[in-house]
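> Those sequence lines, one after another, are chains A and B.
Number 39 in the working numbering belongs to position 39 of the first sequence; there are no gaps in the numbering.
Here the working numbering runs 1000 ahead of the position in the second sequence, where the first position is 1.
Worth flagging that the hints you see were computed from the coordinates, not collected in a lab.
Hints are supplied without guarantee of correctness; some may be wrong.
[Claimed, not checked] Within a straight-line C-alpha distance of at most 16 Å, the following computed EDC-like cross-link-like pairs (lysine to aspartate or glutamate) qualify:
hint: 1; chain 1: A; residue 1: K49; chain 2: B; residue 2: D1088
hint: 2; chain 1: A; residue 1: K100; chain 2: B; residue 2: D1088
hint: 3; chain 1: A; residue 1: K49; chain 2: B; residue 2: D1103
hint: 4; chain 1: B; residue 1: K1020; chain 2: B; residue 2: D1065
hint: 5; chain 1: A; residue 1: K71; chain 2: A; residue 2: E15
hint: 6; chain 1: A; residue 1: K61; chain 2: A; residue 2: E20
hint: 7; chain 1: B; residue 1: K1066; chain 2: B; residue 2: D1088
hint: 8; chain 1: A; residue 1: K100; chain 2: B; residue 2: D1065
hint: 9; chain 1: A; residue 1: K100; chain 2: B; residue 2: D1027
hint: 10; chain 1: B; residue 1: K1066; chain 2: B; residue 2: E1087
hint: 11; chain 1: A; residue 1: K100; chain 2: A; residue 2: E15
hint: 12; chain 1: B; residue 1: K1014; chain 2: B; residue 2: D1103
hint: 13; chain 1: A; residue 1: K49; chain 2: A; residue 2: E64
hint: 14; chain 1: B; residue 1: K1014; chain 2: B; residue 2: D1027
hint: 15; chain 1: B; residue 1: K1041; chain 2: A; residue 2: E88
hint: 16; chain 1: A; residue 1: K58; chain 2: A; residue 2: E15
hint: 17; chain 1: A; residue 1: K61; chain 2: A; residue 2: D85
hint: 18; chain 1: A; residue 1: K49; chain 2: A; residue 2: E15
These numbers come from a predicted model, not from an experiment.
Here's the letter readout for the chains.
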Amino acid sequence: AQSVSQHNHHVILSEAASLELGCNYSYGGTVNLFWYVQYPGQHLQLLLKYFSGDPLVKGIKGFEAEFIKSKFSFNLRKPSVQWSDTAEYFCALLSSNTGKLIFGQGTTLQVKP
Amino acid sequence: GAVVSQHPSWVICKSGTSVKIECRSLDFQATTMFWYRQFPKQSLMLMATSNEGSKATYEQGVEKDKFLINHASLTLSTLTVTSAHPEDSSFYICSALRFRGEDTQYFGPGTRLTVL
């Protein structure tokens, strides 16, 4: 079965702290992975995506994610968070069979100034 | 580019009434649009896939007679929640693909539906 799991449901950090949000997937086909961010009151925006090639993917706003095939993981990282990073973060898998996105449960990140 | 809008952004209705939500691609033609439902503190659940000019494909467990989807043009898809009940209260989000085979979906801002 295809699934995406995000372990951290609610993360609270102080500004300048480092961030790592976990994402694990279960899928037997070609893996296409995404991280989306949803700022309060706004629509989902694409942070970054992985399709092939370099497993370390850099996205917007200083975010990056590393695809580790052996661990079925695609964790999101940022070396130093800002208050403006407060948002909901979603990891998603694109099913190559159906073309549908499968989302994780989401992680709420709260950054304290 | 690739802006998707939804209207209304929020709506409150009485139980038993029907509510229509619009999803528009503003600066591109969307061959495919998706409708998601998001419960508080939960993930997005795909409800249906809508292709212009054809019937929507609903996910298992989604009542097609309850959630009517019409994709009449390449820039507009509508979701009508018929005979709404309090349990239909949720956040409804649409997304769109710019072309067939595109891998990235562009999301609308969502519509908050509250059924009293």
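> Mind listing which of the numbered hints don't hold for this structure, in increasing order?
1, 2, 5, 8, 9, 11, 12, 14, 16, 18
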